[in-house]
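Those protein sequences? They're chains A and B, same order as listed.
Quick note on my numbering: the first sequence kicks off at 1030 and runs consecutively.
Quick note on my numbering: the second sequence kicks off at 1030 and runs consecutively.
Keep in mind the hints are simulated off the structure, nothing from the lab.
One thing to keep in mind: the hints can contain errors.
[Unchecked claim] So these bits of chain B aren't anywhere near chain A, every CB distance computed over 10 Å:
1. Ala-1115
2. Phe-1170
3. Leu-1194
[What the hints assert, rightly or not] Distance condition first, Cα-Cα at most 30 Å in a straight line; then the derived BS3-like pairs of lysine-lysine:
4. Lys-1077(A) / Lys-1091(B)
5. Lys-1168(A) / Lys-1091(A)
6. Lys-1168(B) / Lys-1091(B)
7. Lys-1077(B) / Lys-1168(B)
8. Lys-1091(A) / Lys-1091(B)
9. Lys-1077(A) / Lys-1168(A)
10. Lys-1077(B) / Lys-1091(B)
11. Lys-1091(A) / Lys-1077(A)
12. Lys-1091(A) / Lys-1077(B)
[What the hints assert, rightly or not] Per the computed footprint, the stretches of chain A lying under chain B, defined by three or more beta-carbons under 8 Å from a beta-carbon of chain B, are:
13. 1043 to 1056
14. 1080 to 1092
15. 1193 to 1199
16. 1240 to 1247
Predicted model, so just to flag it, every value in this text is computed and none were measured.
Idealized CB from N, CA, C, for every residue including glycine.
There are 2 protein chains.
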Amino acid sequence: MELDDYIAQSARQSQTMADAIAAALRQAISEGALADGAPLRQAELAEKFRVSRIPIREALLKLEREGLVETRPRRGTVVTALDADAFQEILEMRLALESLALRLSIARMQEPDIAAACTILRQTEDALRDPPTTHDRSKEFETRWGEVNWQFHRALYHACGRPRLLETIDNLHLLFARHLRVRLEIIAPTRTGHESRDVQKNRSEWAGVVQEHRDLLDACQARDVSRAEAVLERHIRLNGDELVRRLVAAR
Amino acid sequence: MELDDYIAQSARQSQTMADAIAAALRQAISEGALADGAPLRQAELAEKFRVSRIPIREALLKLEREGLVETRPRRGTVVTALDADAFQEILEMRLALESLALRLSIARMQEPDIAAACTILRQTEDALRDPPTTHDRSKEFETRWGEVNWQFHRALYHACGRPRLLETIDNLHLLFARHLRVRLEIIAPTRTGHESRDVQKNRSEWAGVVQEHRDLLDACQARDVSRAEAVLERHIRLNGDELVRRLVAAR
DNA sequence: CATGCACCGTATGTATACAATCTACCGTAT
DNA sequence: ATACGGTAGATTGTATACATACGGTGCATG
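When you get a sec, could you build the whole thing from the sequences and use the hints?
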């Protein structure tokens, strides 16, 4: 997918070009279309998006805010590269803030909130029952699954009614997901002969995740804060530590 | 203090005008020189800072990132107004993240870190022993004290070695401190006749804060994580809840 | 042969100029 | 009198053009 395609999606729903471009770049970077440290030259992007460098610069500033890119004055902007330490740090922050959001959320959760989370959980299960067959669809599936997976978490936190907290959590997740994807591709690139085994392995991993989600929802319904937090902590830690381990092993 | 003065301070140490202007505006807003909801018109700022609107726009984008201002497309930028709920939210986030930072910090603290915190604590005590006499100096004193107070917290968290975490905490504190200042001015404006009583009251409050800081440092030296966290939580909560109470009572 | 310096290409930072849109005011019609 | 629509002013968003600093290459020199 080229940058040109990203822009078309968000062009009309944003009120300014800078916003649309920021959204397009955000998605492109998040999907791993640009490698760690890849330079983002203003003139090049301006040509691609058919705008001047002004909205490009403003879009890059927004991305810098989110930690997706880094700019050194007069030396340009590059996609942020996160090492294992940074990954660990983001994980710890997620743990602290998502625990907080969950705790606050449980106290204020109503029926509709639980119903929404339940619906998404079912979608997750459906997605899991319909595994990808070809290699091309495997990656698409992975992306889709990652999204719906995060939607579930968001649904649980939504009732907390803390906009800044939710925004920060979203931001951290974005960073997390991007580097999760990039690193996994580097560490375990899907080779032609090993597709099915990789998918198989992921399927069983994901089944575990779904189970944890179910536990989480149960605890929320029961308004059992301490159990919910324990499950969430374990949930995040399991996935995160697993990855940090692979990262450390790979370097 | 006029905006022109702010710029002079940071003009030479920043590499771009946008950065310098962002720093100047940040300080101005933080000090409460601009009221909640005050409009920041680009042309006006451009004239004040003797630059074009381009670096102004970029500075405003940086401030938007930090939550100090809010921009609605084609409708301009205003200083962010925080209500009691937002204040509560920021307090909760501080609690979660500062606890995390402190916990991580204690595990990695070395002698120099403790010595640095100790030095700052002593400065705090000195500042307290030298109270302001005139009304003009009272506000200046308050600002200075707030800074050194925060420096102590920073010193404690510094050893954690988590740059993103520290940045986020700093950002939250900036928002917190700004609105603390603005709200207190609104709620209890220092009238000519009541200066000394106000200062007196603040002095006893602050003495309590210093005592808590000492407890905190003790717990860190003893590497007693749970005690340190308990003291910190109580410390932040006391100050915060006190303010939220006043805010709610005042509206 | 290594090292330091000067020049040039390239990319970013900023100024000026133009376009688009929002707000406020005023006139008109009901 | 009030509500509605249109126009003018002001303000933001973007394009184009210019200024400036960084990095590399080549040459001169010790």
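Per the coverage rule (Cβ-Cβ under 8 Å, at least three residues), is the region 1193 to 1199 of chain A covered by chain B?
Holds: 3 residues of the region 1193 to 1199 of chain A have a Cβ under 8 Å from chain B.
Please work out if Lys-1091(A) and Lys-1091(B) have their alpha carbons no farther apart than 30 Å.
holds, 8 Å
Given as covered by chain B, does the region 1080 to 1092 of chain A meet the bar of three residues or more with CB within less than 8 Å?
With 5 residues close enough to chain B, the hint holds.
With the threshold set at 30 Å, check whether the alpha-carbon distance from Lys-1077(B) to Lys-1168(B) stays at or below it.
holds, 26 Å
For a C-alpha distance cap of 30 Å, please report whether Lys-1168(B) and Lys-1091(B) respect it.
Distance of about 28 Å is within 30 Å: holds.
10 Å cut-off, C-beta based - Ala-1115(B) kept clear of every residue in chain A:
At about 7 Å from chain A, Ala-1115(B) fails to clear the 10 Å cut-off, so the statement is violated.
Holds or violated: Lys-1091(A) with Lys-1077(B), Cα cutoff 30 Å?
Given that 30 Å is the threshold and the Cα spacing comes to 25 Å, the pair holds.
Does Lys-1168(A) pair with Lys-1091(A) here, judged by a C-alpha cut-off of 30 Å?
holds, 28 Å
Coverage criterion applied to the region 1240 to 1247 of chain A (partner chain B; beta-carbon cut 8 Å; 3 residues):
violated (count 0)
Between Lys-1091(A) and Lys-1077(A), is the straight-line Cα distance small enough, at 30 Å or below?
holds, 19 Å
Non-interface claim for Phe-1170(B) versus chain A (Cβ beyond 10 Å):
Check passes; 31 Å lies beyond 10 Å.
Given the hinted pair Lys-1077(B) and Lys-1091(B), is their alpha-carbon gap at most 30 Å?
holds, 19 Å
Going down the numbered hints, you'll see the structure goes against 1, 3, 16, while the others check out.
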